[in-house]
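Can you build the whole structure from these sequences, using the hints too?
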Amino acid sequence: MSRERVRGLIALPVLGVMGALFVWAFTGIHGFGDFHGAYGLLLDHIVVPLRHSPNVVNPIVFDVRGVDTMGEEFILFAAVLGTVLLLRSHGREESEERQLDRTVDAVESDGLRVVGVLMVGFALVVGLWLVAFGFQTPGGGFQGGVVVAGALVLLYAAVSFRAWHRFANEEAVDPLEGLGVGGYVVVGLAALASGLPFLQELFSLGKTGTLFSVGSLPVLNLATAIEVAAANFTLCIEFLNQYALRPRTGR
Amino acid sequence: MGLLPYLCAGWICLIGLYGAITSRNLIHLALCLTVMQSSTYLLLLSIGYVKGGAPPIFKGVKLGTKAVDPVVQSLTLTDIVVSVTVVALILALALDAHKDADSIDPDELVGLHG
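First to last, the protein sequences are chains A and B.
Going by the numbering used here, the residue at position 42 of the first sequence is 42; the numbering climbs one at a time, nothing skipped.
Going by the numbering used here, the residue at position 22 of the second sequence is 22; the numbering climbs one at a time, nothing skipped.
A portion of the hints provided could be inaccurate.
BS3-like cross-link-like pairs, simulated, lysine-lysine; straight-line CA separation at most 25 Å [unchecked claim]: (1) B:Lys-51 with A:Lys-207; (2) B:Lys-62 with A:Lys-207; (3) B:Lys-51 with B:Lys-66; (4) A:Lys-207 with B:Lys-59; (5) B:Lys-51 with B:Lys-62.
Just so you have them, the derived chain B footprint on chain A, three or more residues with Cβ under 8 Å [stated by the list, open to error]: (6) 42–54; (7) 229–242.
If you're looking for bench data, these hints aren't it; they were derived computationally from the structure.
Predicted model only: the values in this text are computed from it and were never measured.
Heads up, the beta-carbon is just placed ideally off N, CA and C, and yes, glycines get one too.
Quick look at the structure:
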């Protein structure tokens with residue numbers, strides 16, 4: 001029996017059983033749109049007066065389940081650490097300068113480059129805005145961090161690998177990632193040190209809808225943004241180095 | 001309409017699983033896992049949807065307006081970001097396997113040598 005047939009024979013009962021379990025489960029829960037879960041709907045009512053934040057999602061991420069989010073940031077950190085350890089361990093025999101000389105740019109048109117660079121600026125501003133004020137409105141550190149990293153990577157796509165490589169400095173980005181994930185923990189520990197529970201707010205909750213409100217949330221939000229932006233940027237640096245800087249005799 | 005979003009989520013999960021079982025390529029396998037994970041976003045958001053509900057953001061909106069469940073939204077939010085980096089780790093492992101064995105077909109990655 002060929003391997004394909006064996007795979008098909010394994011897949012069929014697994015998919016059948018899982019599909020049946022899904023249908024069984026789905027017919028047992030509320031219909032789409034009839035959600036009556038007390039917890040989430042209660043939070044919709046109490047978060048705004050309790051936490052002084054018009055956006056309910058971000059206080060849940062950083063306040064209600066703040067310790068959980070800290071764990072998630074460590075997943076992020078560990079995954080990036082693993083990727084970096086795997087990809088950087090391959091020694092390069094040839095000098096980096098020689099390899100850089102051989103890289104070919106995807107974009108050759110000057111007009112396209114100008115538009116691309118303008119878009120980098122635009123994306124960067126949008127990303128920073130999502131970080132800075134997004135926790136009050138749709139947005140926040142996670143989303144803004146990804147957009148900021150995307151803007152930085154756009155520089156590679158729009159201009160050239162050479163220009164990008166000079167700017168995408170691994171040594172400069174590495175400490176930022178530690179700062180992001182460590183900053184989150186420090187905010188939690190600072191609360192402990194001042195006799196409060198872990199991650200309890202250190203500052204007053206402030207006026208709802210202003211930049212400096214919701215207690216420690218702006219700081220946690222910023223730490224998360226730095227962590228997420230640095231993590232995604234580091235991943236792009238590592239993979240693009242693998243892609244563009246290949247030894248001549250490489251397999 | 002009552003069950004359709006849930007069934008969609010289940011279907012996305014199953015086609016991802018089918019792809020993972022029959023995969024002949026580690027990169028394809030990583031993408032199949034991403035597809036499977038995407039089904040959880042759809043499932044979470046569908047479960048928390050309230051008919052006629054507004055986004056759970058009360059900026060310029062009267063408090064007490066009917067809104068959807070914010071908890072599943074915050075779960076989805078962190079889920080997406082973490083999944084990206086975990087996929088990157090899997091792809092780095094695939095790259096490593098390719099450097100080691102000159103292939104990304106799981107069938108040809110036989111035998112452990114340390």
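- Output the numbers, in ascending order, of every earlier hint that fails for this structure. As far as the earlier hints go, only 1 is violated by this structure.
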